[in-house]
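One letter stands for each residue in the lines below.
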Amino acid sequence: NAGVTQTPKFRILKIGQSMTLQCTQDMNHNYMYWYRQDPGMGLKLIYYSVGAGITDKGEVPNGYNVSRSTTEDFPLRLELAAPSQTSVYFCASSYRDRAYEQYFGPGTRLTVT
Amino acid sequence: ILNVEQSPQSLHVQEGDSTNFTCSFPSSNFYALHWYRWETAKSPEALFVMTLNGDEKKKGRISATLNTKEGYSYLYIKGSQPEDSATYLCAFAGNQFYFGTGTSLTVIP
Numbered sequence: 001n002a003g004v005t006q007t008p009k010f011r012i013l014k015i016g017q018s019m020t021l022q023c024t025q026d027m028n029h030n031y032m033y034w035y036r037q038d039p040g041m042g043l044k045l046i047y048y049s050v051g052a053g054i055t056d057k058g059e060v061p062n063g064y065n066v067s068r069s070t071t072e073d074f075p076l077r078l079e080l081a082a083p084s085q086t087s088v089y090f091c092a093s094s095y096r097d098r099a100y101e102q103y104f105g106p107g108t109r110l111t112v113t
Numbered sequence: 114i115l116n117v118e119q120s121p122q123s124l125h126v127q128e129g130d131s132t133n134f135t136c137s138f139p140s141s142n143f144y145a146l147h148w149y150r151w152e153t154a155k156s157p158e159a160l161f162v163m164t165l166n167g168d169e170k171k172k173g174r175i176s177a178t179l180n181t182k183e184g185y186s187y188l189y190i191k192g193s194q195p196e197d198s199a200t201y202l203c204a205f206a207g208n209q210f211y212f213g214t215g216t217s218l219t220v221i222p
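Top line first, the protein sequences correspond to chains A and B. For the record, in the first sequence the residue sitting at position 101 is 101 according to my numbering, with numbers rising by one throughout. In short: position in the second sequence from 1, add 113, done, that's my numbering.
There's no promise every hint is true.
In the BS3-like style, the derived pairs of lysine-lysine whose C-alpha atoms are separated by at most 25 Å in a straight line are [as the list claims (entries may be wrong)]:
| no. | chain 1 | residue 1 | chain 2 | residue 2 |
| --- | --- | --- | --- | --- |
| 1 | A | K9 | B | K155 |
| 2 | A | K44 | A | K14 |
| 3 | B | K155 | A | K44 |
| 4 | B | K155 | B | K182 |
| 5 | B | K182 | B | K171 |
| 6 | B | K191 | B | K171 |
Hint data in this document are derived by calculation from the structure and do not stem from the laboratory.
Taking the hints into account, I'd like the entire structure generated from these sequences.
Okay, structure coming up:
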């Protein structure tokens, strides 16, 4: 059981470039989440999904897009990278709804210059 | 914007001391309250999930209580050990998740 995996671990982007952060879980969890963590701030929810084909916005969705075509995968897309998107991104999953503990991936450190 | 407040922001205790932290959250639209432990260079790991007012959970030397009517949860660590050093996060689950900024605990041997 690999749990929640994220790629890449690190990435440097130039302003205006695009990229996709990959997230995969092998626990057959229905719920998946994307968070960003900025220095001195708590984890902020970007997007979440309650199952394949269903996604919804979190607290800070602007500048990001997601899709959930399978139960296992929940990629996060940055279309036009901006310096404000420099952050550490965590993907998480949970078996069912918000009353179930979340399992976090190792994170992706993204710098936009 | 929904505020989840954690206090204190950081804490240094001697090995063997007992300690506690607070998480404050809105008392409306409550669904669940989560506690996570986050060690440096690792990912957050779940400690407890509580859903009912008055819930108490315990795992070894760590325990937590929940008061949904007044909007707070306490996390207690009994007999702190150096390996307890970490940041402890709480997360309010209403319509979606809101995390606090955490309490950073350092246990001095």
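task: Output the numbers, in ascending order, of every earlier hint that fails for this structure.
output: Structure breaks hint 4 only.
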